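Engineer: This is what each chain is made of:
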Amino acid sequence: MPRSQSTSERSTSSQQTNPSRWQGAGWPAFVSSLKDVAVIEDAPMRGTFATDAGGTSYGMPHGVVIARSAAQISALLKAAQAHRVPVTVRGGGLTTEGESVAFGGVLLDMTGMSKCLFIDPQKLEVRVEAGIFWASLAEHLRRQGMDYLSAPLNLTSSVGGTLGVGGIDVNSARFGCSADQALALQVVTPTGEIVECSDEANPELFRRVILGYGQFGVITEATLRIRRYTPIRMRYYYYASLRTAIEDLQMLDREQAADYTGILTMMDAAINLLVAFDSGEREAAFDAKWHSRVRGMGEAAFSARAFLSYLVRPWRWGEALFLRDRKRQLFPEFRRPEHTRDGKMEDRSVVFSRAVWKFWGGRQMVIPDLATSSAKFAEAVERGNAVCKRFFPRYTLYCVGIRLREEHRPHYEMSCIPPDAAGWAYGCEFEPMIGDGTWSRDHLQSFKNAIYDIGVEMGASYYRFGGMMKGYVRRVFGDPLVDRHLAMKRAADPAMILNRDVIF
Amino acid sequence: MEFSSCHGCSLCLLSCPVWRQTRDVRLTPHGRAKALQNGASAADLQASIASCTLCGACEPACPEEIPLIDMILELRRQQPIQVARGDVPSEKEISVGNVLLAGEVLRQDPERLKRIASLLDIAVAADDGSDISRAIECGAALSSERLSSFMGSFRNAKRLVVADGLLLRKLREWLPEARVVSLGEALSTLEAVRARLRATDLYVIEPRAFHADHARLVRHYDALIKARNLKTNLDLQRLAVPTGASSAAKRVDPLDQARWILDGRAFERVVVEDAADCAVFARVTDRQVLHLGDL
Ligand SMILES: Cc1cc2nc3c(=O)[nH]c(=O)nc-3n(C[C@H](O)[C@H](O)[C@H](O)COP(=O)(O)OP(=O)(O)OC[C@H]3O[C@@H](n4cnc5c(N)ncnc54)[C@H](O)[C@@H]3O)c2cc1C
Ligand code: SF4
Ligand code: SF4
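Going down the list, the sequences are from chains A and B. First residue of the first sequence? That's 601 in our numbering, and the numbers climb one at a time after it. First residue of the second sequence? That's 5 in our numbering, and the numbers climb one at a time after it.
Honestly, I wouldn't trust all of these hints.
[Unchecked claim] Heads up, simulated BS3-like pairs for lysine-lysine below, C-alpha to C-alpha not over 25 Å straight-line:
(1) B:235 / A:715
(2) B:230 / A:944
(3) A:944 / B:235
(4) A:944 / A:889
(5) A:715 / B:254
(6) A:989 / A:944
Read the hints as simulated data drawn from the structure, not as lab findings. Small disclaimer: the values here were computed from a predicted structure and weren't measured.
This is chain B alone, in the form it adopts within the complex (with noise of 0.2 Å):
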């Protein structure tokens, strides 16, 4: 862990959503970095390593590039944090070509799922490896028979996209020649969905994977901010706010923060990457909420 690079320099609170509820900066990078260099264990971080969303909102703001969620995730396999688990696919299938691993909340409405598929015309891979997200997220122990066999029915797939942003980062780290795109830049890259995009939308990005690739992703964003006039959930940063809904963390309230993303914006569709994040906008705005897929 390379915490001893911290200097303190506060930046990475900037765009933390903990420390946006909280104001309290032990549950932010920069006092975990601070508390590990005083000799804390991970023990004594066990409030501020449960209350992350792996936003991954810190780690490009960070300027000694410390690897901000790596950190997080060591300290919490070291401190693991208590959840439901994902379900364990019984099916196994080898996917071959373009290949979608979907995710716990898109699978749960086919008719989404099935209208995603077609669109980028990809295969829906059985087994998208939700537990094994939720364990990486969690710091549980992962059965390396569960992985092997994760990673094997994909094997020959050309192109991996992904939903969630979480395994994605960890899939590019264990695939390093593998194409893997998140789900949001696979269908904002597809003309088809740019040009339903309008000038009045709110476009929300999916955090994770922004911010796990973030000096090209930016450049992807900002040509399509550029192209179609959006409004965003970028900050000043041009960092992404996050609700925080897929998180298995549950210090930060995600209605706050889609309040926040909302805030002094002019907009007449909600546009979220995240199917997690449409039921949270739902609730927040008597505006339509889409999925990116939807349009």
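The following block holds chain A by itself, in its conformation from the complex (with noise of 0.2 Å):
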């Protein structure tokens, strides 16, 4: 069960957890005894992965190898086990928190393994090699009139970074995290056998190794689910009430009205419902049975309200001012022709990810989330913006719903999926909007931790819960579940090289 701390004891620099790095004993004769796989040992080389996408943890590898097959892998994990030198795996680095950074010892670059292997349209399925981008993939399966079914939004993270840890999308509350599309894995364990494994073969292994932050294998590659794809028709519903917002994303969720659902806002002030159709016909039916049930309001409606509102409240015209400016920067972003085809978005991921990096990505990131069951997540919600509105001025919530699978469960223990969660998950990001502006580390940390404490008071689990917040693994989850996952980590892997600053 959670723990609750008072607020005493819970110091900022009690939950900054900086690993130490390894002193590199031994590292020379490792190194010689890699006969066939090549360690890059010059310093651009190790300094270019020396950070995540977080931009606030920093490590250096002594080496770092671009992985070419699964027997190379299996090569690396031996001698890594034999010498005890860390291996820390690495796919697209999208992290925030530092769990694909190397604070010594062996960097392994997954995306110098990433080609499509094939592609079945029948069977509707697709085998890659781990280290692929989402983005990379998209462009095999269009070639072929296939989609993906959900991945992160934005292009550069990678199947086998994404498996390890969830993936969510917009259309997540339909066809679940991307680690639920899964079917099959060919994993590298961490003493360096290389093992296929499934539901069906060795699921003990595919329990631990789905959502499992790299510390029972390293993926190689993946069979998932694809499907046909569509292009998709969007709405945006506008609110001033994140509560309100929330029950409808739920309601529309619940009923499986959408096929894309999710809410994304500007501070509290202008919250974006937006749900969007893979068909005319889906979105005729949500005409006739949903959508005088959403209490948003259109753009115009919207826009005029809040027009009203700022014009008694000279001193939030500042905010009116940064909204209007925000909106025109972004809302061009969302209708861009080229990418657009019939009033229909085509290569939403595209889209997406691009106005993501352009408007929220920046040198340092810090997204800070909660993830809840149905019935915790508008308090959670309202609790983590009040949170943001202490910290920073500018900031977006992104919320999404999670579909669970049932007979999945035994791959959500101690992940993103909270305990308590039944038919669905939500997230919510807290993402203030740094750009250049200069906020210390301790500040962000302790903006992090204001967040994640809310976690441990409300029975909650969080997306990024490892690295730098690897603090509050145990106060979540609980002492026994972590000690038992330890004692399963210890007999995968006797000399805790694989990953072993992520999570333990």
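Put the complex together from the two separate chains, hints included.
Structural biologist: Rendered as structure tokens:
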């Protein structure tokens, strides 16, 4: 059970966890034992991987290995076990808490293995090397009129990295998280065995590797479920209340009224529920049955309302101007003609992802989040929103539902899916707009802690609980569960070399 | 150089032909920028610098808007790559009105060049600056006399149509007042040419000029695609997949790129903007391969 703490127990410094650097004992012997594995030791290449997308956690590997095959990774891990050299696996490196940063030892760059191996349009399956970026996979699939089910909205996260952490898209309320679309994996275990696993073959390994933060093996290949590609028609509803927007989102998800749903806000001043459809029939059914039940306003009505509200509050005109400018910059991005045909958005992942990088990306990113059951979600978001207000003048909230697969419940243990969620889990990311503003690392860390403390108090989980936030793992999941996983980890990885700084 | 702005998002990798063929981040803008941030010199980056085809696909992809082509050209000036020198034209002639700078490959095909000139109703410049383009591409020193004699030859020209996408980028920089358009854009704007494009064509956009002016040209080609219902070599980000055939860098295999462009696409003809692509596609498909000017 989560253990709540008093404020005095939760000092910022006790939560700020940077792993100690592995000192390099036995490194030369390790490298020379690796006959067929090239280890790149020059400083520029090592420095390329010094941080992750978060840009607040820094570490230098002793050497980098570009992944080329399962056999090569097997040789690497066998030697790493023998010489007790840590190996940190990296896909796109889009973690924000240093989970894909190596604090010494080997950095294994999985993007070196990024081929699309085969597409089976009849069985609706694709087999890929796990370092492939979702965007590259989409390029292959679209040539066959296919698409993946769901993937993070950033183009450069890898399949392997995503299966290990979750993967949330605006259609996750329908298809579940990206990790749930994996049908089978090839995994190199921490001791170097190359094993194929799925719900049927080696199911225990499959359970541990999916949503396993790279603790129980390196995913080298993955078979994923795919679907036929369709362009989508988008709609936006605007709200002034977070709670109302969340209630509508959850109603639409429960009733599977739309194919894509999510909330994206500018602070809590402009709350946007986006709804989208794969087909005209789905949209028509929505219009007939659900449109009238959605309490959000259209763009014009909301703008008029906001105008009047700001008119009588001159002390908030700065915010009003910010909202106006943001809208002017952001909206054309979502309506770019080259990505639109017959009023439908093609390449939604490109459109969303480019907007994400352009408007939310930057040299430093902190994106703490809360993942809760449906019932707790509105409260969690409201409390998180209050924290955002205390720490930053400008921020965004991004909320989505994640459909759970009952038969995958064992996969969800000690993951971003909270144990009390049934049917759907909900996630909210709290993203301050840092831009080029300078915030001290302590300020950013205190902000993350304040959000994560809500999770402890509410018995929630987090999408990003590893790396610098791993101090929360025991607090939210409790000692018995964490100790059980630690024992499994020790059994699977005797020298504790694989992604050793991420969770335990 | 603005390499310090790179925050390692990897978006520049997605359309990079060198990345596609090597999966080695060191040979990408991301790898170069990070290496420079970590104290590498141009000499340390020799292999990376030599690998780039200058297709320009990385530049519009970069959310930090780092001038990635200028960055690689600057690195090449510090660490030149070796290639055969282009000929320096001996005759000097002053061009007025509309002028076509045909470039090396087109110049070698006088029939096609004549056809294109007549379609565009344009004079062909005797000095098309291909030696200058090669020098820029390889990082070789440019003599100021040669440059001023080249520029002087069309000082009074009204409109320059340039086949070489790299030279076009530089001419825009050197002659901000002049109307400089790519051969692909000029031809694909002609109604007579557009009308001959078919829905079963696979249209291959010349990447260097396209990416150099991406925000504007993506709309031009989008309109063309919609009007003629074409398939193209644009990827999902609306960046042009290059063959690299016109490049002095030899790391990228143009045949492999061409196969990737054709992969999974149904077409009856391949129509290319870059004359150098004709030979490449002819080797990987038995369908008809045409230059846009041959239509
Ligand atoms: C701008 C931005 C937008 C984002 N948007 C979204 C979003 O919309 N939805 C969402 O779900 N997430 C989002 N994220 C989070 C990010 O997408 C996820 O963390 C991501 O899926 C991780 O994939 P990756 O390839 O970058 O993994 P990495 O960051 O490289 O690695 C993640 C973890 O998995 C391990 N790992 C990596 N590859 C393997 C492998 N092959 N085998 C075993 N372990 C491995 C690493 O050691 C690390 O612990 C976003 C992040 C950013 C910075
Ligand atoms: S110019 Fe082309 S080849 Fe060179 S780095 Fe950019 S995308 Fe790659
Ligand atoms: S796209 Fe730009 S910021 Fe991103 S990795 Fe490439 S060069 Fe760096």
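Engineer: With reference to the structure, classify each hint as holding or not holding.
Structural biologist: Each hint tested on the structure:
no.	hint	result
1	B:235 / A:715	holds, 24 Å
2	B:230 / A:944	holds, 14 Å
3	A:944 / B:235	holds, 18 Å
4	A:944 / A:889	holds, 22 Å
5	A:715 / B:254	holds, 22 Å
6	A:989 / A:944	violated, 36 Å
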